[in-house]
Amino acid sequence: MSMFKDLAFRALEEGVKHGTSYVEVRYHEGTATSLRVRKGVVESPSISDFKGMGIRVLKDGSWGFACLEDLSLEKVIEAVNSAVKLASSSSGWRSRRVDIAKVNPVKDRVETQVIRVPSKVPIEEKLKMVFDADKAIWSKGENIIDDSVVYADYSGKKVFLSSEGAAIEIDEIRTYLAVQVSAREAGRVSPAYEAMGGTTGFELLERNDPVKMADEAASRAIRLLNASVPKGGVSTCVLDNKILGLLVHEALGHTAEADFVLSGSILAGKIGEQVASEYVTIVDSPEPAGANGWMRYDDEGVKTKPVKIVEKGVLKGFMHNRESAAVFGVEPTGNARAQSYSHVPLIRMRNTYMEAGDWDPEEIIRETREGFYLKGSLGGQADSNGEFTFSVQEAWRIDKGELVEPFRGVAISGSAVEVLKSVDAVGKDLKIISPGNCGKFQWVPVDDGGPHIRARMIVGGGL
Amino acid sequence: MSEVVEKTVKKGLALGASEIEAHYFIARDVEVKIESNEISDASLRINRSLHIAVFLGKRLGFSRTTDISAKGIENAVENAYRLASSSNENPLWKQLPSPKPFPSVKGTFDERIYSFEPDNAVKLAKEMLGEARKDSRVSVPGGLVSLAHSETHVANSLGVLGSDKGTGISMELMAVAKNNGEVGSFALAWEASRKLDLNPVEIGREAATKAVESLGAKKIESFRGTLILDYDVALDFVSALSEALNGEMVWRESSPLKDKVGQEVAVSFFSLVDDGTLDAGVSTSLFDYEGVPRMKTMLIDQGVLKGFLHNTYTAGILDVETTGNASGFLSVAPSNIIVSSGDWGSDEMVKSIKRGLIVKRFSGYIRPEDGVVSGSVKQAFLVENGEVKHPVKECMFSENLYVLLKNIVGMSRVVKKRGQFTVPQVMFENVSIVG
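Heads up: the sequence lines are chains A and B, in that order.
For the first sequence, position 366 matches number 366 in the numbering used here, and the numbering has no gaps at all.
For the second sequence, position 312 matches number 312 in the numbering used here, and the numbering has no gaps at all.
The hints are simulated quantities; they were obtained by calculation from the structure and are not laboratory data.
For each residue, glycine too, the CB sits at the ideal point set by N, CA and C.
Honestly, I wouldn't trust all of these hints.
Distance windows between CB atoms, simulated [what the hints assert, rightly or not]:
#, chain 1, residue 1, chain 2, residue 2, range
1, A, 97, B, 216, 14 to 20 Å
2, B, 111, A, 441, 26 to 32 Å
3, A, 404, B, 259, 36 to 42 Å
4, B, 75, A, 330, 42 to 48 Å
5, B, 14, A, 75, 26 to 32 Å
6, B, 199, A, 110, 26 to 32 Å
Distance condition first, Cα-Cα at most 16 Å in a straight line; then the derived EDC-like pairs of lysine to aspartate or glutamate [what the hints assert, rightly or not]:
#, chain 1, residue 1, chain 2, residue 2
7, A, 231, B, 399
8, B, 71, A, 49
9, A, 39, B, 253
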């Protein structure tokens with residue numbers, strides 16, 4: 001490790017020689033284990049290790065970046081020079097010079113606090129847990145046609161050095177378990193998905209029973225086989241923590257990333273305006289510890305802080321890196337994240353959620369005359385204008401406050417702002433429980449969530 | 001560099017593996033990104049990765065490393081070996097492929113890309129951006145120019161040994177037009193090639209034209225009518241179909257096409273081929289991930305399903321031959337997918353429509369497991385009595401992919417290469433469009 005740290009310092013020295021205004025070097029090494037079991041068989045157990053370095057320079061108001069895995073001094077110096085050359089050649093083409101907001105360079109060391117380091121848990125113990133979960137799924141009967149139980153862990157080290165004097169070392173540990181089930185009957189396919197994990201050790205899987213999670217997913221897939229498909233139309237919907245999390249992240253969160261704002265997202269120029277009902281407060285936060293998007297420093301070495309995007313319905317702020325913060329004249333928020341040393345940091349979310357309100361979640365359903373209760377998500381899409389289409393795992397029709405009929409294959413759509421403006425009940429039960437990877441050109445681990453809420457949107461059937 | 005894979009195989013056999021496979025990939029790519037009407041950054045990436053699969057009878061272990069020093073290789077082989085030792089038997093595993101002669105392929109390597117100066121990529125990006133911005137209504141939220149060259153080496157303990165190299169370039173630009181307070185819908189233009197033959201000006205112009213033509217969109221009432229899928233949307237549908245033709249989905253019993261070989265699954269003028277040897281194809285190569293020669297596989301012939309895409313694993317499970325479509329450890333992916341052309345001119349299609357839509361972008365999902373198509377139509381235009389009337393505001397449609405395949409009423413004579421897919425425009429009748 002110290003050898004590579006020295007190399008990173010050498011790269012930094014080389015970078016500042018060439019008339020650059022800023023240089024950052026990121027060294028990154030890590031090991032990831034993944035165990036996937038399907039129907040009693042370990043299909044693709046894998047261990048991946050990597051080491052690499054990324055160098056970014058700012059010269060004549062333009063960025064240049066180079067990365068490599070061949071960590072010999074000669075190749076690293078070559079890469080630094082390539083980054084400088086790329087910056088120089090782009091600078092002639094820019095109309096606006098890149099400026100970066102000032103920050104206090106930090107020297108620090110951060111470690112993920114865990115109880116059981118996953119890399120020290122024997123493979124046999126991990127496999128047993130995955131097998132047990134897989135067994136629970138197939139014990140549900142012949143309607144189950146496919147499954148996948150994936151255990152994954154990661155441990156890695158990052159070193160961040162900058163020409164401003166920052167020197168940050170981060171030790172990161174992550175543990176995950178995800179279950180996917182498909183059930184079928186008479187040509188109808190019913191999928192179910194559950195996942196847990198984040199910046200946590202193996203204790204996560206001791207506190208939350210993987211078998212129970214697998215059992216719930218399989219039961220749901222089967223239960224929904226005979227559910228009917230609702231008629232389309234605008235309806236009152238009660239959203240659970242997970243589908244709300246997806247809405248907050250995909251449909252609103254992305255439009256509040258400052259780079260998207262600069263490209264003309266729906267929230268551009270709307271700071272101070274009402275973009276949601278008064279019950280809605282939405283935050284992107286580096287906390288809580290253990291969440292999938294937990295982080296102390298971002299990949300520009302900036303100390304992370306929470307961003308209140310919407311407060312009581314009013315648009316308050318955007319997520320920034322140093323470049324966008326300079327453009328907006330605000331402080332960077334610590335949202336610059338890179339998938340690895342091989343990627344340039346971009347403005348990304350961390351843990352994005354709606355804050356709790358004062359309704360009892362059950363009361364929201366009880367107080368709903370007619371509508372749908374929507375639980376869990378199976379993914380979806382949203383545009384930079386906030387228009388979204390999401391696939392819901394499970395839906396129930398609400399009639400006079402009672403859940404009366406299950407539905408499958410439900411999709412919801414609408415415009416994030418319109419939907420959030422229609423929110424009239426927000427539950428007390430804030431949960432951040434949807435670890436996932438967000439793919440905006442690069443993959444980074446994020447989390448999202450919120451309480452139960454009620455709003456109006458288009459519910460689509462026929463799926 | 002093939003010594004890296006040879007050394008790895010030797011190491012694995014010495015350790016006691018019954019079979020071992022090694023795959024080494026090296027790439028150098030230059031990427032220039034456009035963001036908010038500016039060239040935002042320029043990057044050079046030099047990446048490498050060694051993949052190792054170790055087999056102890058029917059027990060499998062897999063590892064990956066970026067460290068190709070003797071110690072790095074040894075460590076990675078041991079990791080794979082350790083995993084195989086801890087795994088249980090995979091009864092579906094048969095054996096690694098044996099060596100077979102590789103095909104000859106053309107147009108996969110362009111010296112001009114190989115020796116490309118990174119700075120020149122910046123010029124291409126500038127030309128593309130400059131052209132799109134000629135129209136003051138158009139702004140460019142994002143874009144990308146990427147030039148890459150790569151080398152692949154593969155070896156296994158049954159004697160497979162291969163080395164291949166290739167080049168590629170891709171360009172994409174997203175544009176949005178604004179006029180008198182109205183914001184049009186996002187328009188994307190993109191191209192990919194193995195040769196330095198893309199025209200950045202044309203791509204910039206296409207994105208800008210698409211963005212501007214979506215201005216003035218009007219809401220429409222729901223109706224049933226004809227739908228023309230433009231090339232990029234036809235690609236979305238063909239891409240979902242190619243997933244259902246993937247041997248992985250077939251043996252996992254999640255493809256609805258699994259028992260339909262020999263049956264009609266599409267109209268008689270629809271054929272679909274996977275061709276890993278296509279001249280200058282984006283996914284053309286000498287061999288697949290396992291070192292099996294690339295080949296041409298007829299998947300749907302005049303509407304009749306002929307077979308599926310396989311690697312040695314899925315082929316072994318279903319007792320057929322591999323089609324040279326291994327894309328990773330145990331995984332399968334299409335190479336170049338080519339759909340047959342039809343006999344309609346694009347104008348003739350439009351003229352034949354009483355009431356319908358031309359769709360240039362689709363945002364939603366097409367689920368290969370059951371064919372469910374659900375999502376929003378973007379960049380769509382209303383056609384009435386044979387004439388394009390106006391762009392329409394977002395509307396939705398829900399259909400089934402497998403039903404649609406049997407209801408195609410026409411395909412265009414002109415097919416277009418969109419990355420690894422070659423597709424025509426496709427026309428369906430009696431589709432329900434929800435305004």
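Against the structure, the hints come out as follows:
Checked against the given bound of 14 to 20 Å, the beta carbons of residue 97 (chain A) and residue 216 (chain B), roughly 37 Å apart, lie outside it. Roughly 29 Å separates the CB atoms of residue 111 (chain B) and residue 441 (chain A), a value that falls within the hinted 26 to 32 Å. Checked against the hint of 36 to 42 Å, the pair residue 404 (chain A) and residue 259 (chain B) passes, with Cβ atoms roughly 37 Å apart. Judged by the Cβ atoms, the range 42 to 48 Å given for residue 75 (chain B) and residue 330 (chain A) holds: they are separated by roughly 46 Å.
Checked against the hint of 26 to 32 Å, the C-beta distance between residue 14 (chain B) and residue 75 (chain A) comes to roughly 30 Å, which is consistent with it. Judged by the Cβ atoms, the range 26 to 32 Å given for residue 199 (chain B) and residue 110 (chain A) is violated: they are separated by roughly 48 Å. For the hint pairing residue 231 (chain A) with residue 399 (chain B), the CA-to-CA distance comes to about 14 Å; that is within 16 Å, so the pair holds. At roughly 13 Å between alpha-carbon atoms, residue 71 (chain B) and residue 49 (chain A) fall within 16 Å of each other, so this suggested pair holds.
Restraint check for residue 39 (chain A) and residue 253 (chain B): satisfied, since their Cα atoms lie roughly 13 Å apart, inside the 16 Å limit.
Going through the hint list in order, the structure does not satisfy hints 1, 6.
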